[in-house]
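2 protein chains.
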Amino acid sequence: MKHLLPLDDLVAALEKLPGIGKRSAERMALAVVQSRDGLARKLAHALLAADEQVGNCSCCGGITVTKENPCELCSDGQRATGLICVVESPGDILKIDKTHGFKGRYHVLGGHLSPALGKSVADLRVNELLSRLQPEGIQEVIIALGTDVESEATVSYLADVLSSRKVKVSRLAFGLPSGSAIEYADATTLQRAIEGRQLL
Amino acid sequence: MKHLLPLDDLVAALEKLPGIGKRSAERMALAVVQSRDGLARKLAHALLAADEQVGNCSCCGGITVTKENPCELCSDGQRATGLICVVESPGDILKIDKTHGFKGRYHVLGGHLSPALGKSVADLRVNELLSRLQPEGIQEVIIALGTDVESEATVSYLADVLSSRKVKVSRLAFGLPSGSAIEYADATTLQRAIEGRQLL
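Going down the list, the sequences are from chains W and V.
Here the first sequence is numbered in my numbering, starting from 1 and rising by one per residue.
Here the second sequence is numbered in my numbering, starting from 1 and rising by one per residue.
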């Protein structure tokens, strides 16, 4: 079959999605063109609508509908709690916000320091963070980055930069993930859970 | 975050793709709207192009570009070998064709008998198959269906219907999958591999 170019193009485009390999993309493309309820058109229109109507908040850098800028979270007066949570990507905001465990503001860094990927300090939204501290009356910056080596380096860098400001700096707790058994925890996680043990 | 409707709509549309759950759909949607090289628009256009330009061959039922009907495989004179391979879906044709191990024609059944899904004989392209036998000088029908219970029932039904026609009817061999060890084969596969053993 040499002449199924539109299908091949679709497979190539689907392969660009995160976590999708060639076989998954082929299966999706076939399902889409065989769909009887117009899946291709529905998905295409949802993509174009999202592309047109969704953008980044000029304040926190998170995702927002373009007509609402600053975003819902940044313009919510009840969130002016003096707390700001620094995350890597807009998706992290959605994730943390779903927990309903944090009521402060957010700030998207736009990645972490990564020499391998050529990401340096200049590529992160650090100055944007610093310029928010005073006007928003921030008293504590919670750094919510991951625990890989590069994220750790980014945390150190941020802690260093923030040390000269009049704010507390904290980061997320290390420990056992919820619902997990000791049996499945790796040595570093266990060690950190012991170090961070809490009195009952 | 209540007002990210376009993103929610996109997640809902992506979730309709085969093998995509809510979390994968969310990850994809975020990647798409955050993409700096216009992934959303590229994917949308690939979807619309495929939807417009790809259809089903009126002869074999496989996938073809709509302006080429009957499809490349059906109109290829070199494939008039008297052999026809019956498959469940258009994707199966692409899969078998990639092996370069079959040079005859194909016929898409459009599924298998499934009382659970309400798929009966009337929903399968059986009459279309029967009407191709004589004009195309078919001497052997190779049934290339799976080995689950419902596919087995479909194979039996087809064998029964075809028994009154002047054609040989065969089905794909059972046995060990390529590259596999005895250790990983289940009892039924092993039993069938023994039954179908070949003299060396």
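It is possible that part of the hints are untrue.
Which copy is meant is left open, so a pair is good if it fits within one copy or across any two.
Result set (DSS-like, lysine-lysine): computed pairs, CA atoms no more than 27 Å apart in a straight line [unchecked claim]:
no.: 1; residue 1: Lys168; residue 2: Lys67
no.: 2; residue 1: Lys103; residue 2: Lys168
no.: 3; residue 1: Lys22; residue 2: Lys168
no.: 4; residue 1: Lys16; residue 2: Lys95
no.: 5; residue 1: Lys119; residue 2: Lys103
no.: 6; residue 1: Lys119; residue 2: Lys42
no.: 7; residue 1: Lys22; residue 2: Lys103
no.: 8; residue 1: Lys67; residue 2: Lys42
no.: 9; residue 1: Lys42; residue 2: Lys103
no.: 10; residue 1: Lys103; residue 2: Lys16
no.: 11; residue 1: Lys98; residue 2: Lys22
no.: 12; residue 1: Lys42; residue 2: Lys166
no.: 13; residue 1: Lys67; residue 2: Lys166
no.: 14; residue 1: Lys168; residue 2: Lys16
no.: 15; residue 1: Lys119; residue 2: Lys67
no.: 16; residue 1: Lys98; residue 2: Lys166
no.: 17; residue 1: Lys42; residue 2: Lys16
no.: 18; residue 1: Lys166; residue 2: Lys22
no.: 19; residue 1: Lys42; residue 2: Lys168
no.: 20; residue 1: Lys16; residue 2: Lys166
Read the hints as simulated data drawn from the structure, not as lab findings.
From a predicted model like this one, the values you see are computed outputs, not experimental measurements.
Going down the list of hints, with the structure as the test:
Proximity of lysine 168 and lysine 67 under a CA criterion of 27 Å is satisfied in neither setting, with 34 Å inside one chain copy and 67 Å between copies. Proximity of lysine 103 and lysine 168 under a CA criterion of 27 Å is satisfied intra-copy only: 17 Å inside one chain copy versus 72 Å between copies. When the C-alpha separation of lysine 22 and lysine 168 is checked against a cutoff of 27 Å, the pair qualifies neither within a copy, at 47 Å, nor between copies, at 37 Å. Taking the shortest alpha-carbon separations for lysine 16 and lysine 95, both the intra-copy value of 23 Å and the inter-copy value of 22 Å come in at or below 27 Å.
Proximity of lysine 119 and lysine 103 under a CA criterion of 27 Å is satisfied in neither setting, with 30 Å inside one chain copy and 52 Å between copies. Only between protomers do lysine 119 and lysine 42 lie at most 27 Å apart by alpha-carbon distance; the minimum there is 26 Å, versus 36 Å within a single protomer. In the homo-oligomer, the alpha carbons of lysine 22 and lysine 103 lie at most 27 Å apart only across protomers (25 Å), although the nearest pairing inside one protomer, at 41 Å, exceeds that limit. With identical chains, the CA atoms of lysine 67 and lysine 42 are at most 27 Å apart both within one copy (23 Å) and between copies (23 Å).
Taking the shortest alpha-carbon separations for lysine 42 and lysine 103, neither the intra-copy value of 36 Å nor the inter-copy value of 37 Å comes in at or below 27 Å. In this assembly of identical chains, lysine 103 and lysine 16 lie within 27 Å of each other by CA distance neither inside one copy nor across copies; the values are 35 Å within and 33 Å between. With identical chains, the CA atoms of lysine 98 and lysine 22 are at most 27 Å apart between copies only, with a shortest distance of 14 Å across copies and 32 Å within one. Within a single copy, lysine 42 and lysine 166 get their C-alpha atoms no closer than 51 Å, and across copies no closer than 46 Å, so neither meets the 27 Å cut-off.
Within a single copy, lysine 67 and lysine 166 get their C-alpha atoms no closer than 34 Å, and across copies no closer than 69 Å, so neither meets the 27 Å cut-off. In this assembly of identical chains, the alpha carbons of lysine 168 and lysine 16 never lie at most 27 Å apart, being 41 Å within a copy and 45 Å across copies at closest. Within a single copy, lysine 119 and lysine 67 get their C-alpha atoms no closer than 30 Å, and across copies no closer than 48 Å, so neither meets the 27 Å cut-off. Taking the closest pair of Cα atoms, lysine 98 and lysine 166 never come within 27 Å of each other, the shortest separation being 30 Å inside a single copy and 65 Å across copies.
Taking CA atoms no more than 27 Å apart as the test, lysine 42 paired with lysine 16 passes in both settings, with 19 Å inside one copy and 10 Å between copies. Taking the closest pair of Cα atoms, lysine 166 and lysine 22 never come within 27 Å of each other, the shortest separation being 51 Å inside a single copy and 41 Å across copies. In this assembly of identical chains, lysine 42 and lysine 168 lie within 27 Å of each other by CA distance neither inside one copy nor across copies; the values are 48 Å within and 44 Å between. In this assembly of identical chains, lysine 16 and lysine 166 lie within 27 Å of each other by CA distance neither inside one copy nor across copies; the values are 44 Å within and 49 Å between.
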